[in-house]
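> Listed below, chain by chain, are the residues.
There are 2 protein chains.
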Amino acid sequence: MKELTVTIVGLGLIGGSIARSLKSHVKKLYAIDRDKSIIDFAVGQGVIDPSPKDPLCESDVVILCIYPAAALDFLRENKDRIKKGAVVTDVVGIKTPLMELYNELKPDFTYIGGHPMAGREVSGFINSDGGLFEGASFIMTPCEGAGEGAVSVVEAIATAIGCRIVIRTTTEDHDRIIAYTSQLPHVIATAMCDTPLLVKHKNFTGGSFEDVTRVAKINEYLWAELFISNREYLTEEIDRFTKSLGRIKTAIEACDSDGLMRIMRKVRQDKEMIDNA
Amino acid sequence: MKELTVTIVGLGLIGGSIARSLKSHVKKLYAIDRDKSIIDFAVGQGVIDPSPKDPLCESDVVILCIYPAAALDFLRENKDRIKKGAVVTDVVGIKTPLMELYNELKPDFTYIGGHPMAGREVSGFINSDGGLFEGASFIMTPCEGAGEGAVSVVEAIATAIGCRIVIRTTTEDHDRIIAYTSQLPHVIATAMCDTPLLVKHKNFTGGSFEDVTRVAKINEYLWAELFISNREYLTEEIDRFTKSLGRIKTAIEACDSDGLMRIMRKVRQDKEMIDNA
Chain A
0 MKELTVTIVG LGLIGGSIAR SLKSHVKKLY AIDRDKSIID FAVGQGVIDP SPKDPLCESD
60 VVILCIYPAA ALDFLRENKD RIKKGAVVTD VVGIKTPLME LYNELKPDFT YIGGHPMAGR
120 EVSGFINSDG GLFEGASFIM TPCEGAGEGA VSVVEAIATA IGCRIVIRTT TEDHDRIIAY
180 TSQLPHVIAT AMCDTPLLVK HKNFTGGSFE DVTRVAKINE YLWAELFISN REYLTEEIDR
240 FTKSLGRIKT AIEACDSDGL MRIMRKVRQD KEMIDNA
Chain B
0 MKELTVTIVG LGLIGGSIAR SLKSHVKKLY AIDRDKSIID FAVGQGVIDP SPKDPLCESD
60 VVILCIYPAA ALDFLRENKD RIKKGAVVTD VVGIKTPLME LYNELKPDFT YIGGHPMAGR
120 EVSGFINSDG GLFEGASFIM TPCEGAGEGA VSVVEAIATA IGCRIVIRTT TEDHDRIIAY
180 TSQLPHVIAT AMCDTPLLVK HKNFTGGSFE DVTRVAKINE YLWAELFISN REYLTEEIDR
240 FTKSLGRIKT AIEACDSDGL MRIMRKVRQD KEMIDNA
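Heads up: the sequence lines are chains A and B, in that order.
For the first sequence, counting from 1, position 31 maps to 30 in numbering that gives the first Met the number 0; every step adds exactly one.
For the second sequence, counting from 1, position 117 maps to 116 in numbering that gives the first Met the number 0; every step adds exactly one.
One should not assume that every hint holds.
Covered stretches of chain B (in silico footprint by chain A; criterion: 3 or more residues with CB under 8 angstroms from a CB of chain A, positions within the stretch not fixed) [unchecked claim]:
| id | segment |
| --- | --- |
| 1 | 176–189 |
| 2 | 206–216 |
Derived SDA-like pairs (lysine to any residue); straight-line CA-CA distance at most 25 angstroms [claimed, not checked]:
| id | chain 1 | residue 1 | chain 2 | residue 2 |
| --- | --- | --- | --- | --- |
| 3 | B | 216 | A | 134 |
| 4 | B | 201 | A | 172 |
| 5 | B | 199 | A | 239 |
| 6 | A | 199 | B | 265 |
| 7 | B | 27 | B | 159 |
| 8 | B | 248 | A | 235 |
| 9 | A | 265 | B | 213 |
| 10 | B | 265 | A | 205 |
| 11 | A | 199 | B | 273 |
| 12 | A | 216 | B | 249 |
| 13 | A | 242 | B | 235 |
| 14 | A | 201 | B | 130 |
| 15 | B | 26 | B | 40 |
| 16 | B | 201 | A | 273 |
| 17 | B | 199 | A | 134 |
In case anyone wonders, no lab produced these hints; they're calculated from the structure.
None of these values were measured; they are calculated from a predicted model.
In this text, a Cβ means the ideal position worked out from N, Cα and C, and glycines have one as well.
Looking at chain A on its own, in the form it has when it is part of the complex (with noise of 0.2 angstroms):
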């Protein structure tokens, strides 16, 4: 790790906190952004290295910290000016239209989709932290024939920046899993706030309500992108919520006790299992 030259596109939350906790893993550490005062900031914070004219074509990995189209547009127009035999990474919450467009495009470089698992509901260079990964997942999604030395290093980066489990899947199982893991949690924390309720009952809320509502403070065009992008998943995961809903309304409108134990009961067991994993 210590002789790579890495490049992040798009100094945000994500980007900034992995430059902060990537910074001294690396011999440098670029960044490109739309903004070029945040560049100049995070620079002056010693967060990052003073760039090259151009730090693409300088850089060994390439980590693209933008939202999901845009994503898209910048690997079409820089795929010639990243250095054959980069690592090409991201940290975008749906893997499989960059993986299409890779082999499509089929440049000289290595793509290795990434999904680090963790994430706050604010935005911004600003916000960004040091330990934003620690302990968090890192699910890795490799190119056909990506070779293991690829492979090896965007593993590095993971455990560098803090993650705890680097996982390895296919792009298609990974938008599937997200989908359940990541994205029905932000729709329904969204469908919970939606109503004039709650600003109205504002004080009658404790920890349940506070947690599982906490993501509806939701980067909205961010959260679009991705729920559309994966939609065809996501709204299997909706379904398959829904009907378990329904099932324990059924149960409490017939006053099913049991029913509705064996329910909790379950879900309880398998929760306390995990989470004592």
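Starting from the known structure of chain A, fit chain B onto it as the hints suggest.
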């Protein structure tokens, strides 16, 4: 407060936590529990005072910290042992059944329903915590004709245990509101975990999943009682939430980015407003 003798009925998570935070504020603090060893243990720890033969008949305040149905039974069986003019309050998450029983029994004490909006996904005195109610809301539902003296006593207790906001409302309003702010989050967490995917994909989760599912480690006996007792309001809330979910799903399916962002933007703004209030 310093001249009051208080008895806590049920020394579990909530009763124990109240005892720990209330002890220094009252003259005598007794407790009753069907498990005598818990009483001895709590006395030994200095959390409560050693009880006289019948603490109920010597107490100015009685706080019922037991399950909903058990609270009804306790009131029915012990109403004549409670001191004339005493204040009886409770922590039960649904308020109508106890108030109906009180109005039917017409006993010689004043009943002020209580609901501290705090809890944890564990139970028992062993998990009790004097800081549990720190900053929480406390909802109070006084009986018809309750004197201001009685109301003040419960208010003082709520403040003493750390609650930041004390709200006075009717039992009907409490039960309707709580269906949204407390019961629905528990139903959602349960439905979210009601799938084999929970265990299968445990390494693919991040903060949003952890938060939405936290209370799925649910006490099924308590919550089955609460859900079924409040089934009319709760099923209305499940229906309202399911409709919102459907509206979001429709926008995702139709790739209606503007419509989706409109819902998310309003939700985010409302959520920011109440979080900053």
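> Give a verdict on every hint.
Hints versus structure:
1. Under the rule that three or more residues need a Cβ within less than 8 angstroms of chain A, the assignment of the segment 176–189 of chain B holds, with 12 such residues.
2. Given a C-beta distance limit of less than 8 angstroms, the hint that chain A covers the segment 206–216 of chain B holds, as 10 residues qualify and 3 suffice.
3. With a CA separation close to 22 angstroms, the supplied pair residue 216 of chain B and residue 134 of chain A stays within the 25 angstroms bound.
4. Between the alpha carbons of residue 201 of chain B and residue 172 of chain A the distance comes to roughly 14 angstroms, so the proposed pair stays at or under 25 angstroms and holds.
5. Note on residue 199 of chain B and residue 239 of chain A: the hinted pairing holds, with a Cα-Cα distance of about 16 angstroms set against a maximum of 25 angstroms.
6. About 15 angstroms separates the Cα atoms of residue 199 of chain A and residue 265 of chain B, which keeps this hinted pair within 25 angstroms; it holds.
7. Restraint check: the Cα-Cα separation between residue 27 of chain B and residue 159 of chain B comes to about 15 angstroms, which is no more than 25 angstroms; the hinted pair holds.
8. Distance check on the hinted pair: residue 248 of chain B and residue 235 of chain A sit about 10 angstroms apart at the alpha-carbon level, within 25 angstroms; holds.
9. Restraint check for residue 265 of chain A and residue 213 of chain B: satisfied, since their Cα atoms lie roughly 15 angstroms apart, inside the 25 angstroms limit.
10. A C-alpha spacing of about 22 angstroms is found between residue 265 of chain B and residue 205 of chain A, which places the hinted pair at or below 25 angstroms, so the restraint holds.
11. Among the hinted pairs, residue 199 of chain A with residue 273 of chain B is consistent with the structure: their alpha-carbon atoms are about 10 angstroms apart, no more than 25 angstroms.
12. For the proposed pair residue 216 of chain A and residue 249 of chain B, the alpha carbon gap of about 21 angstroms is at most 25 angstroms, so the pair holds.
13. Restraint check: the Cα-Cα separation between residue 242 of chain A and residue 235 of chain B comes to about 16 angstroms, which is no more than 25 angstroms; the hinted pair holds.
14. At roughly 22 angstroms between alpha-carbon atoms, residue 201 of chain A and residue 130 of chain B fall within 25 angstroms of each other, so this suggested pair holds.
15. The straight-line distance between the Cα atoms of residue 26 of chain B and residue 40 of chain B is roughly 20 angstroms, inside the 25 angstroms bound, and the hint therefore holds.
16. Among the hinted pairs, residue 201 of chain B with residue 273 of chain A is consistent with the structure: their alpha-carbon atoms are about 7 angstroms apart, no more than 25 angstroms.
17. Our distance criterion of 25 angstroms between C-alpha atoms is met by residue 199 of chain B and residue 134 of chain A, whose separation comes to about 19 angstroms.
The structure is consistent with each of the numbered hints, conforming to all of them.
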